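Trainee: Each chain, letter by letter, is given below.
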Amino acid sequence: MSTLTALARAQAVVAARAQPVATVRHLHVHDHPMVLIPLAMAGEANAPLAVMAGTDPARPRLLTVTQPRNRDDRFAFAADLAEILLPYADSFTTDTEDVAIDRGKDVRQRCVDAPQIWVPNPGGVDFLRLFGRYTRFLKTDGEYPVVAAVPLLGRWLTFFANSAEVPGSSLLVNAVQALGLHWVTGQSSAEDAQFGVQLAWIESGAAAAREAEKGPVAGPATDPDFDNRVLAPLIERAAPELPAVLHELLLPTWERMWRALALLRGLPVGERVGQRWDADRDAFTAFSRHLAEGGPPQPRRDGAVAAAARLQRLETAAARYAVQRAFDDPLVLAEYRLTGAAFAGVVTLANPDRVDDSGKRPVLRPRIMVHTTEPVRVEPGTSLTSPARPSQKARVISVNPAGDGWDVLLELSGGMGRKLVAEPGSVPAVGEHLTLTTLTEAYRPGGSLPEPAETPWTHGGPPVVAPAPDAGDPDAAAVPDAGDPAAAAVPETAAVSGDTAGPEAPVTPEAAAGSDDGVSEAAVR
Amino acid sequence: MELPMVQSTRLDQLRGPVRAKRHNARTIAALTGNPGCDRRAVLDAAGVDKLKLAEQVGFPGSFGQSRFALSRGNAFEAMLKADDCALLREVLAASSELAYQDLGADHDDTLGDRHERTVELLAGARAALVDHPLLTLDVAGQTVYLEPDLIAWAHHGRLQVVEIKSFAIIDDQAESAKVSGAAVQAAVYVLALRQLLERLGRDPALVSHEVVLVCPAGFSLRPAAVVLDVRKQLSTLRRQLSRMASISVLIDALPPGLTFDLSLTPEQLTAALAHVEPRYAPECLSACELSVYCRDEATGSTAALGRTVREALGGIETVGEVLALAEGRREPSEDQAEAAALLRAALRLRSEALS
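Line by line, the protein sequences give chains B and E.
Residue numbers are given in full-length UniProt numbering: position 118 of the first sequence equals residue 118, and the series is strictly consecutive.
Residue numbers are given in full-length UniProt numbering: position 140 of the second sequence equals residue 140, and the series is strictly consecutive.
Since the hints were made in silico from the structure, they are not lab data.
All values reported here derive from a predicted model rather than from experimental measurement.
Just to be clear, a hint being listed does not mean it is correct.
Computed spacing ranges between beta-carbons, pair by pair [claimed, not checked]:
| id | chain 1 | residue 1 | chain 2 | residue 2 | range |
| --- | --- | --- | --- | --- | --- |
| 1 | E | LEU262 | B | GLU143 | 53 to 59 Å |
| 2 | B | GLU454 | E | PHE63 | 49 to 55 Å |
| 3 | E | LEU262 | B | PRO216 | 18 to 24 Å |
| 4 | B | ALA402 | E | ARG330 | 30 to 36 Å |
| 5 | E | ARG243 | B | GLY414 | 38 to 44 Å |
| 6 | E | ALA93 | B | GLU143 | 25 to 31 Å |
Beta carbons: idealized from backbone N, C-alpha and C, even for Gly.
Could you put the whole structure together from the sequences, leaning on the hints where they help?
Mentor: Here it is, written out as structure tokens:
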């Protein structure tokens with residue numbers, strides 16, 4: 001928590017109203033998003049109770065499970081959800097565009113648009129991830145067959161849930177996080193996790209937020225009191241009015257979701273949001289292609305190399321996202337100014353024609369002097385960037401106290417054209433206000449990783465191919481590790497086996513007590 | 001228990017003429033989660049029903065448990081313990097000859113008896129599974145009974161805590177909040193067992209710091225056992241328990257005649273609560289029945305916004321003070337000077353960017 005954001009929280013308390021922490025919108029908001037509100041049964045690992053979903057605010061579709069512990073009901077629910085979600089995802093795969101790669105020597109295809117799913121909170125994302133994990137290994141034959149759309153749904157849900165982990169991705173968005181990026185409330189962040197309360201702080205203020213605490217919940221967890229009083233009797237007698245009750249429970253959240261979307265649409269979009277949505281479209285294109293080519297489902301767990309590669313991608317994305325947000329939004333950049341990683345000042349001297357001819361070839365190296373009253377915590381030799389000219393580097397030559405602040409002498413390179421005379425406007429002129437920061441958008445190459453077959457012994461050695469899957473038990477299925485197809489990385493041919501559990505699970509009962517669902521149903525009834 | 005007569009009478013007086021609420025591992029874990037909260041320490045020591053108290057003063061919290069969750073937990077436990085614990089033995093890789101004894105099944109209300117039988121059984125330290133033992137723990141100078149939902153597994157000359165939980169472990173992963181909660185509770189049991197052995201003059205290290213967590217694996221109720229190392233939780237717990245101000249000091253400082261008798265009016269109870277210093281933090285909302293009341297009381301304090309916010313604001317107590325310092329309406333004290341400068345800069349930057 002930065003002091004700037006903490007101060008905004010303090011202001012929100014006094015104003016009894018949420019306060020902005022962004023001046024632009026930092027995520028892509030789709031013209032036709034799908035809103036999906038999952039509701040789960042308490043206590044169970046991942047038993048769906050209901051989902052309200054759709055792309056039209058006026059026509060929510062409600063799917064319910066009358067007996068959440070019944071496997072057939074759960075399978076039917078999965079098939080119904082697939083019927084909603086798969087056509088939506090597929091509708092974006094047909095129109096593609098050409099994108100130049102390899103400096104224009106080649107082109108590749110990219111879908112012109114991609115799906116976007118909105119859930120109320122991080123719990124909703126977790127629910128979809130688990131439901132994806134549950135359904136993607138289900139078999140269309142054998143003892144407990146499901147329709148083909150169900151494992152496909154599982155793979156799509158896993159794709160969306162994985163992309164939600166990528167900082168800056170907007171394929172699967174949770175409203176709490178999206179709103180929290182742009183407003184802070186006058187309560188703790190733990191309390192913000194209640195979507196209805198958070199939205200009330202933004203829309204109407206503190207008093208309305210207290211009122212919203214009374215519910216209804218935004219899922220996926222239900223209120224224990226509601227469970228005991230309303231739900232349990234209905235489920236016990238498989239009451240026909242259950243859908244109506246759940247519809248009434250979810251409708252307020254459904255309406256709030258669309259209001260949250262409208263609120264976010266009202267903000268001007270950040271300049272670099274489009275770039276990130278392009279990356280999302282790339283990921284979507286790669287995954288839909290992977291599916292079309294009959295690629296295997298995502299593994300239960302990544303192998304060592306795939307996991308390291310994924311971590312590296314996430315770290316790169318996080319770093320890029322932080323820089324892009326700061327460059328897009330002066331209020332985000334202000335946080336860096338407060339900590340000394342950026343400062344704003346005025347150009348007092350400029351020598352735009354300075355040429356450095358000490359090397360083999362003369363090069364254009366203009367120098368400017370920037371006067372600032374903000375703390376400067378950079379050493380000579382540091383490279384700085386100005387969000388106004390992201391492709392230009394400014395190397396700090398000297399920092400000297402002057403008047404009520406500091407004079408920073410900078411030497412510029414890049415972003416001025418190819419001649420020995422700078423393009424007009426490419427060198428900051430005297431009097432220009434400038435913000436300089438140590439943040440940079442420059443590409444940072446990641447470390448190189450070995451092929452999975454060459455995984456060193458320190459990381460468990462090359463993955464072993466697991467024994468043939470037991471058809472009746474989706475849990476025991478060995479799944480080929482295809483890496484993350486969304487990353488379009490080198491496909492990995494390894495497999496994950498159950499014995500990579502690590503030291504935390506030395507006791508592994510190999511003898512499963514019956515099949516996966518058989519036990520739960522037998523024991524629960 | 002071991003308290004002098006005078007003090008135990010004082011605790012009875014604080015509680016009023018009802019039966020005392022008993023401690024369990026959860027309450028102790030919560031207590032040590034916020035050791036600076038005198039209010040919770042006093043109310044728990046006196047065994048006041050905080051849920052009812054919160055309702056009385058008009059700030060009911062929702063601390064119910066869903067019937068669905070309960071029935072799943074019970075079903076899982078029943079399944080493990082069926083047929084003389086066949087499945088539990090299997091998952092623990094324990095011998096089928098191991099004796100199983102359930103101390104909770106007797107339903108006698110004399111805690112002393114049950115505790116003595118626990119001591120007797122555990123002192124024997126034969127290979128056995130001992131269900132529902134009754135343990136004691138010293139909390140803030142007071143000995144409290146613990147009725148843990150645990151199985152003490154004596155084997156190879158050691159005692160190990162076995163905890164049965166019904167949250168799922170999927171692909172060797174479980175919800176971290178639930179795992180850490182289970183680990184803290186297990187640490188409470190380990191500590192209580194160690195204190196017991198110590199009192200018996202035996203080596204407390206016989207109680208393993210590795211506890212066994214038995215949970216359903218995957219999407220079914222098929223059990224899996226996972227070993228958790230709770231050394232870290234144990235040392236935290238010990239430190240927090242030693243830091244907790246002695247209850248007797250706290251009680252002595254209270255005005256004579258103070259009581260939280262639930263038959264009092266809400267106004268009287270609110271006035272009584274004001275005599276015991278709380279320490280509210282947002283984490284209380286998930287751990288303490290009285291938290292909604294304390295939150296209301298803490299409105300306007302920076303602590304109510306969370307520890308990180310408070311720290312980012314330089315540890316300044318109230319929101320009003322923060323804004324006054326940021327706007328320069330108030331002269332900072334010497335130790336506030338640094339925080340005030342940062343706040344002024346922050347406000348300037350915010351206003352500049354938002355204008």
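Trainee: None of the hints should be skipped; say for each whether it holds.
Mentor: Do the hints match the structure? See the list:
At about 56 Å, the CB distance of LEU262(E) to GLU143(B) agrees with the hint of 53 to 59 Å. For GLU454(B) paired with PHE63(E), a C-beta distance near 54 Å keeps the hint of 49 to 55 Å intact. In this structure, LEU262(E) and PRO216(B) break the distance hint of 18 to 24 Å, their C-beta atoms being roughly 30 Å apart. A C-beta distance of roughly 31 Å is found between ALA402(B) and ARG330(E), which places it inside the suggested range of 30 to 36 Å.
Roughly 57 Å separates the CB atoms of ARG243(E) and GLY414(B), a value that falls outside the hinted 38 to 44 Å. Separation of ALA93(E) from GLU143(B) is about 29 Å and conforms to the stated range, judged on CB atoms against 25 to 31 Å.
Hint compliance for this structure: hints 3 and 5 are not met, and every other hint is.
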